[in-house]
Amino acid sequence: MSAKDLETKKAAAVKALLGLIGAMLLYFLVFANTDMINSLLQSKSYRAPLTSMTIVLAASFLYGMAVAKILRHTLETKLKSQQLREE
Amino acid sequence: MAGAVELPAAAEAIKFISMTPKLALSLFGIGLVGGTLSGFLGTGGAFIMTPAMMSLGLPGIMAVAANITHKFGKAIMGAKKHSEFGNVDMRMGLVMFIALFAGVKVAVTMNKGVLEKMGAAGSNLYISIMFIVILSWVSLFMFRDIMRQRRGITANEKAGPSLADKIKNLSIPPVIHFKVANVRASLWLALLVGFATGFLAGTIGVGGFIGVPAMIYLLGIPTYVAAGTELFLAIFSGMQGAFLYALNGYVDIRITLLLYLGSLIGINLGAIGTRVVRGSQIRLVMVAIIAMVALSRAAMVPVYLSDLGKITLAAGAHETVTLLSNIFLFGSGAVGVSLILFWMFQAYRRAVKVPPVGNDLPSSEIIT
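Listed in order, the protein sequences are those of chains A and B. Using UniProt numbering, read the first sequence as starting at 1 and increasing by one per residue. Using UniProt numbering, read the second sequence as starting at 1 and increasing by one per residue.
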């Protein structure tokens, strides 16, 4: 296990919280400005994929990181004794 | 994984739907099911998520666009998670990626040819028959292998080497060592698997159904590495699809974001699941799903034959057959996710009975 893989529970909790706050902010911005974003997405210009892919990357990073951190330090840790690698 | 990104030549103007709480909740659920299957199998999200969204009233093209856009980010997070577990062979993924695009191109050309010659009903029939033939063969092959393993029959005890073994043993140079998967395989064989995956993705939209079993049986890759590598491949096809659909104005970002709420939980659950169940169990879920999807397509054949004017279906039979097909389709997702969660729950119950070993560090100390 390398040093960069090491992470305390507290650090993971802080990162998860920041990720969740960031994701909530992003979701709020998107849903509060639906009309503007939809017209941009239907513009059929390069701005449409740029907008959608930026939002998708930000959402998957923020929310995905938060979920991954939470599950890693709860369910995954709990199941550590049950890990299999039979192949 | 779906590598096929085929957009209609004439893009029609589409209206974005109004978002209700019920629709938002349904999208969360669809994401959760699709994400869990993707995380566990490396494939299996698209075939259930797209029709499920269409059954909610979304136009087909928007459902496909939302799914492929969501797949882009989901595959990044899923591959990252699998990578942490040492389940992603990037060298294998990159080799397969090259052949995959060629396979998609050939399949799309063939699909177009069938569509031009036989019309929409003929094209549907062609796609369904491809589904039935390929998926039935794959599921029967995998089922037989699982049963053999259960009976404790090893490769040496078989009557002789199977076709898969014969192909696997072909060492046409150059032979590459795939470090993570810890296998040596012919470059040509890896390219063939990539091409077959792309061809199936281009034909029926779900290439992983052949890509994952082919990696397991032809290249000898461990099941969990095949799942992780398939997700790594999905990043590229997802990126291409997300870009093209957005450029044509089909992406409703709200749908994608709501899918994420469920799928990013599901994909982590599925990936964790691969750590606590046996490779044979992962294959069992895959067989169950593939067989039910093949049945779902088989049920639709009379409808397409009727559309082509080859047979006559009684009034009401069309709806009944379509309902039966949907039951098999959605049932496959329900059965798959239920099995995954059941095995994880069993592992959890076993885990709580095991006393912690060497866990003398305070809870705030290092865990991973």
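Incorrect hints may appear among the rest.
To be verified - Just some of the chain B residues that point at chain A, by a computed CB distance under 7 Å: (1) 16; (2) 17; (3) 72; (4) 243; (5) 264; (6) 272.
Stated by the list, open to error - DSS-like cross-link-like pairs, simulated, lysine-lysine; straight-line CA separation at most 25 Å: (7) 9(A) / 310(B); (8) 353(B) / 117(B); (9) 80(A) / 117(B); (10) 80(A) / 10(A).
No wet-lab data here; the hints were simulated from the structure. As the structure is a prediction and not an experimental result, all values here were calculated from the model. Backbone N, C-alpha and C define an ideal beta-carbon position, used for all residues, glycine too.
Going down the list of hints, with the structure as the test:
| no. | hint | in the structure |
| --- | --- | --- |
| 1 | 16 | holds (5 Å) |
| 2 | 17 | violated (11 Å) |
| 3 | 72 | holds (6 Å) |
| 4 | 243 | holds (5 Å) |
| 5 | 264 | holds (5 Å) |
| 6 | 272 | holds (5 Å) |
| 7 | 9(A) / 310(B) | violated (65 Å) |
| 8 | 353(B) / 117(B) | violated (63 Å) |
| 9 | 80(A) / 117(B) | violated (56 Å) |
| 10 | 80(A) / 10(A) | holds (19 Å) |
Of the numbered hints listed earlier, those contradicted by the structure are 2, 7, 8 and 9.
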